[in-house]
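The listed protein sequences derive, respectively, from chains A and B.
The opening residue of the first sequence carries number 1 in my numbering; numbering runs sequentially from there.
The opening residue of the second sequence carries number 1001 in my numbering; numbering runs sequentially from there.
Bear in mind the hints are in silico, worked out from the structure with no lab data behind them.
Among the clues, some could well be false.
[Unchecked claim] Here's a subset of chain B near chain A, in silico, CB distances under 10 Å, partners left out:
#1 C1281
#2 N1446
#3 D1535
#4 D1752
[Said to hold, decoys possible] Sample of chain B residues with no beta-carbon within 10 Å of chain A, all distances over it, derived:
#5 L1164
#6 L1165
#7 R1374
#8 E1401
#9 S1421
#10 A1449
#11 R1504
#12 D1539
#13 E1623
#14 A1717
#15 Q1728
#16 R1786
#17 S1846
[Claimed, not checked] Think about it this way: if two alpha-carbon atoms lie no more than 25 Å apart in a straight line, the pair counts; the simulated SDA-like pairs of lysine to any residue are:
#18 A/K312 to B/F1736
#19 A/K312 to B/E1438
#20 A/K322 to B/K1595
#21 A/K312 to B/S1502
#22 A/K312 to B/D1434
#23 B/K1436 to B/Q1453
#24 A/K312 to B/R1442
#25 B/K1436 to A/P45
#26 A/K322 to B/T1511
#27 B/K1436 to A/Q389
#28 B/K1224 to B/D1175
#29 A/K91 to A/T162
#30 A/K312 to B/F1597
All C-beta atoms in this analysis are idealised placements derived from N, C-alpha and C, irrespective of residue type, glycine included.
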Amino acid sequence: MLHRALESVENGVYIDIGAQHPEIDSVSRAFFERGWFGVHVEPVPEYAEMLREARPGDAVIQAAVSSEAGEISLAVFPDTGLSTVVESVVKGHAGQNEQVAMRREVVPAVTLAMVANEVGNREVHWLKIDVEGHEKAVLEGWDPSRLRPWICVIEATQPNSTEPNHAEWEHILLNARYECVYADGLNRFYVASEKADRLRPAFQTPPNVFDNCQLGEHASMCRELAVRHHRRLSAQTKHYEAALLDVTESRSQLARQLAATTADLSHQLNVAQQHQNELLNVAQQHQNELQMRQTELETASYQLSVAQQHQKELETAYRELKASVSWRLTAPLRILVDWTSALLGLLLNRTEKHADNPSTQRSSADQDRSINLPTMSPAASAWKMELSQTEQSPD
Amino acid sequence: MRLLIDMQGAQSASRFRGIGRYSLTLVQHLLRIAEGHEVLILLNGQLDAAADALVKLFLNDLPREHIVIFEPLPGVAWSKPANHWRARAMEPVREAFIAEHEPDVVLITSLFEGYHDDASTSVRGDLLAIPTAVVHYDLIPLANPDYLQQESQRVFYRHKCQQLLSADLLLTISDASRQEVIDRLGVPAQAVTNISAAVAEAFCAGGQDSVTVRQALLRLGIQKPFVLYTPGGFDPRKNFERLIEAVAALPDAVRAQHQLVIPGKLDEAIAQTLTKTAARCGLAPDHLKLVGYVSDEDLRMLYRSTAVFVFPSLHEGFGLPVLEAMACGAPVIASNTSSLPEVVGNPDALFDPLDSGSIADKLARALTDPAFTRSLSDRGLKQVAAFSWEKTASRALAALEALAAQRANVKPSQSIQQGLSDAIHASVGEVLDDAKSEIVARCLANHFAFVQQPQFFIDVTELRMADTKTGIHRVVRSLLLAFLSSPPAGFAALPIYYDGTSFRHARGFLTAFHREGASAKNGGALSAKRTELADDIVDFCAGDVYLGLDFNVSSTPEAEDHLRRLSRRGVRLCFVVYDMLPLLCPQWWPPEMEKRFEAWLRCLSAMADTICCISAAVAQELEAWLQQAEVRVQHANPKIRHFHLGADLASSAPTAGWPPGYDEICERLGAGTTFLMVGTVEPRKGHAQVVAGFDELWAAGADVNLVILGKPGWMVADVMAALESHPQRGERLFWFEAASDECLEDLYARADCLIAASEGEGFGLPLIEAAQHGVPIIARDLPVFREVAGDGALYFNGPESAEIAKAVARWIPLFEEGTAPASTAIEWLTWRESALQLLAALELPSAEAPPTTPEEMTC
């Protein structure tokens, strides 16, 4: 509502009595963010500190506002907006809820007029009073001739109830020529009469869709939404954490497997190399044996050729012998000897079992394949002799 | 007159050109008119493809002995200097070889051979003074010194010209050529005769339909009327340049309407030169058509359809294309030089080949004056009648007869062989070292035998390696013994074998063979003293006979090249085929047998002179196979004959010895009727069927014994298992896996009946062996068994065991009555008689002299 009314004002000024939290349920926050200057009065030390941090440039008075300056006893209900100086209110809260935490502090008290000094000569556009039952005292310390905010917004119910209490102090405002233009169930809005014509139209309707207001995440009206959202978020987070755990675990498993496989392979490689070395040794042995055999073969071939040479010589000698006269003369004698021995043979062995013996024939065939078969036919040998015996004639 | 014609001119690379063709056609016509004369032709065995083709051709006209083969050393082509000593060495060898055949006259169809290929010709006359005539073609290289480009060619040519001068008679192919040789070489005029030339009968003016002609011309790329020049060669004297200039000088209209066509195989370089010349002379690219090689048929078509045939060659021996063209009716114009005027016979048709203007004028006239053109072709056809092969051949024959009459053959004072080695040394001009002497000696051994008798070689390669004791080896042994004791009349019978490289005398084998035979008879002591002689390489000469007696399935294909060379040389190759079963029924043999057998059969069918089968049945099968087998024969189709085998085991070099327990078995055989089966246990012998049949008989309680004699063969594992585990084995069923021939004889004596259940046989030796012992026979009804046994057996049919049982059941009562078909009626031969039959089949004379026993033979 304030915003609707004061839309056209740039760099305005405000005074917030009982400012409390700078973010949560703060009336001044939107204005501060638009470049307004403000004075905050807040007796609770925690909230005052927060205000100083969150509102650089603004003035923060850590005190209570009353009809007279001095000191005053404050009942602090931490983390609530219920801190008050009014004893009956304190009792009322205690009566409602015995567990409620509370401490007492003695805080300085100032008057509205003193607060107005902070503003100086500047025009104050709005003044808010949220003092938990101490409104009359605050207004009693106000000098309307010196301080005339365009709009005054005052919490006008009994603390923590809907019961209105403006009858106690409204007359102060009315006497100061302020008129009430709006009430929203908790607060009453009064505009200065000289500004009334200008500002009154803005208060004709309650906040509606055309105001395009947005609720902050800490607004009480968003609480359920926020809770729901938060719940959803934490569920997702849990889920992702679980997944991350799985992945981490499987990764470590794979790492283990890899290590095992590598070890296995290197072992096998060693075995294979050993095997190869053994095979090479065996091959070498075979090689040596082969060489030995070849040497043996060469020796044997040489011996064979020597023997065959010898055989040739014997054959020649034999032929010569057969051709010799003495041999032919003794022929009859030898035939006689043959006959006798054949007869003896017959008498001694009845039947000669003539076993099939292809092996003898085969071995003679093998022998024939030896190196010493004649390489020229008889005719060719004869021609060769002819050619070598011919005397060479000149060309 | 005995005339020997050296036809190497028809064999070398020139055989497809003029000279080769001329040589062949001349000889063919000479043979036709040479009755009353003996004509031999000499071919070069080294040029084997051409030699085989010519042998094949001339076998129709000449007996084989009249085709003599000269085998010079490989590598006598003069173009390679390394060949020179061989070329020189071969000249006297050839002359001596010719002289051996004692001709009255020698005619050489082409002397200038042996530069590029391995031909060897010569005329020397110093070895023997046999009158020699040489067909002379031309002296073009002499007239044009640049014709032969290489110095070695020129040296060779001069050498040959020198030899030409030693000839007694020159037969030239034209008058011009005759005059040339008289003028340039100074040959006396009476030693030169012109026998002219002629063209083949196919060259004639023929009808040919224009459509085919047009298609053929288009195929060759000829689209217009054309001028034709068939040069026959592509050297400078063919005068292409002036011809092209002349064509270019034709009047434009005429030139535009005609193409110049030049057929003939030519290489790239020459083609390019000609095309460049044409371009230079201003001819359009397709005016000159170089159509490359054309077939004879296409050539004739060109002759018949050309507008004008022009022959501007500067120098020809004859100019055969001119005659060919005239014969086909083409209008011909030619040069007025060398032999062309006498061939053309029409002065109007001649021009000066050195003047392209003269050529152009004649050409223009021929192309534009139809009357002139017609007169050219008319006169041409008339002129052709003056040339014929009959005329040429008879002129040649007359000249040769005159030569023979003039010069009586002077018998040499020394034998050919004595003078030959001197002549070789003299010809080569240097001492032949050991290696060279050896090479020449081998060549000489192929031509001049030391042995006077022709030889009858029996190939025993397989038997020598191992006697497998099969029927085939029984045949080989028996026939070998028979031939050794009585070889064909006039021949020496010698066993040989192939050792992988050459044929050798099987002397070692022979000794062992005799020793075995002798020892089987009398204890072996006598012949133990023979010495083993070396297995020399065999010298084969023309007139020898080779008998492939054994089933040499591997060694015959191995030796194929050798055998073909022998066949070329004039050795008669004969083979024995035992059966065709591996081809006709391959299922009875291991898988690779069919292919090997076919390869073996093809190999020997191609080169055999005669093939003898062991029965008429097999001979028929072989003839049937040959008709569809498309074998490429080397010379002529083989003669197919048959003969029958012998039955007397005693003459088959039999083995001796008794199986264990034989006596007890014989006792058992005494009871009941004994049936005998003889033969290797093979799938086709039918053992399974017979055993099954006898199972039925035994089940029916018949008192019969079955004796099986045969060693295990192949693919019969189940039969053998059945036999080994048979319940009746040892009781009534007896199986001798290996029994000697002695044992076999005994079994024949004891058997009551022989069962021949084989499903396929070449002959069926057991049949006649049984006949010899008078043993009755039950046989399967096969044509070959009918051939051998005739009515002397009881026949059965069918593959069922029941058939055997029925046959036996039918036979036994007949036997007891004594009316079973008697095998004594079967005519059987002894092995000696079988050998004689074989010799008769081979057309070899058999010996009249009484045979000698093996012991008395010397190797």
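Comparing the hints with the structure gives:
1. About 54 Å separates the beta-carbon of B/C1281 from the nearest beta-carbon of chain A, more than 10 Å, and the hint is not met.
2. Hint status for B/N1446: holds, given a least beta-carbon distance of 8 Å to chain A, under 10 Å.
3. For B/D1535, the shortest C-beta to C-beta distance to chain A is roughly 6 Å, which falls under 10 Å, so the interface hint holds.
4. Nearest Cβ of chain A to the Cβ of B/D1752: about 27 Å, over the 10 Å cut. The hint is violated.
5. With a closest Cβ-Cβ approach of about 21 Å to chain A, B/L1164 is found to remain outside the 10 Å limit, as its non-interface label requires.
6. The beta carbon of B/L1165 sits about 19 Å from the closest Cβ of chain A, which is more than 10 Å, so the claim that it is off the interface holds.
7. No beta-carbon of chain A is positioned within 10 Å of the beta-carbon of B/R1374; the least distance is around 64 Å.
8. Listed as outside the interface, B/E1401 is consistent with that label: its C-beta sits roughly 37 Å from the nearest C-beta of chain A, beyond the 10 Å cut-off.
9. Consistency note on B/S1421: stated as away from chain A, yet its beta-carbon is not over 10 Å from all of that chain's, at 4 Å minimum.
10. Annotated as non-interface, B/A1449 brings its C-beta within 10 Å of a C-beta of chain A; the closest such distance is 6 Å.
11. Interface exclusion of B/R1504 from chain A breaks down, the closest Cβ pair being 7 Å apart, not more than 10 Å.
12. Not every Cβ of chain A is farther than 10 Å from the Cβ of B/D1539; the closest lies at roughly 4 Å, contradicting the non-interface assignment.
13. Once the 10 Å rule is applied to beta carbons, B/E1623 is consistent with being away from chain A; the minimum gap is 36 Å.
14. At the 10 Å boundary, the C-beta of B/A1717 stays outside the reach of chain A, the nearest C-beta of that chain being 23 Å off.
15. No Cβ of chain A approaches the Cβ of B/Q1728 within 10 Å, the least distance being about 28 Å, so the stated non-interface status holds.
16. A cut-off of 10 Å between C-beta atoms confirms that B/R1786 is not in contact with chain A; the least separation is 34 Å.
17. Listed as a non-interface residue, B/S1846 keeps its Cβ farther than 10 Å from every Cβ of chain A; the least gap is roughly 28 Å.
18. Between the alpha carbons of A/K312 and B/F1736 the distance comes to roughly 46 Å, so the proposed pair goes past 25 Å and is violated.
19. Only pairs whose Cα atoms come within 25 Å are accepted, and A/K312 paired with B/E1438 is accepted, the gap being roughly 22 Å.
20. Among the hinted pairs, A/K322 with B/K1595 is inconsistent with the structure: their alpha-carbon atoms are about 53 Å apart, more than 25 Å.
21. Between the alpha carbons of A/K312 and B/S1502 the distance comes to roughly 23 Å, so the proposed pair stays at or under 25 Å and holds.
22. Only pairs whose Cα atoms come within 25 Å are accepted, and A/K312 paired with B/D1434 is accepted, the gap being roughly 22 Å.
23. A threshold of 25 Å between alpha carbons decides the hint, and for B/K1436 with B/Q1453 the separation of about 29 Å lies outside it, so the pair is violated.
24. Note on A/K312 and B/R1442: the hinted pairing holds, with a Cα-Cα distance of about 24 Å set against a maximum of 25 Å.
25. The suggested pairing of B/K1436 with A/P45 is violated, with an alpha-carbon distance near 136 Å, which exceeds 25 Å.
26. Distance hint between A/K322 and B/T1511 is fulfilled; the C-alpha atoms sit about 19 Å from each other, no more than 25 Å.
27. A threshold of 25 Å between alpha carbons decides the hint, and for B/K1436 with A/Q389 the separation of about 14 Å falls inside it, so the pair holds.
28. A threshold of 25 Å between alpha carbons decides the hint, and for B/K1224 with B/D1175 the separation of about 38 Å lies outside it, so the pair is violated.
29. Of the supplied pair hints, the one linking A/K91 and A/T162 holds, its CA atoms being roughly 18 Å apart against a limit of 25 Å.
30. For the given pair, A/K312 sits about 42 Å from B/F1597 by alpha-carbon distance, which is inconsistent with the 25 Å threshold.
Going through the hint list in order, the structure does not satisfy hints 1, 4, 9, 10, 11, 12, 18, 20, 23, 25, 28, 30.
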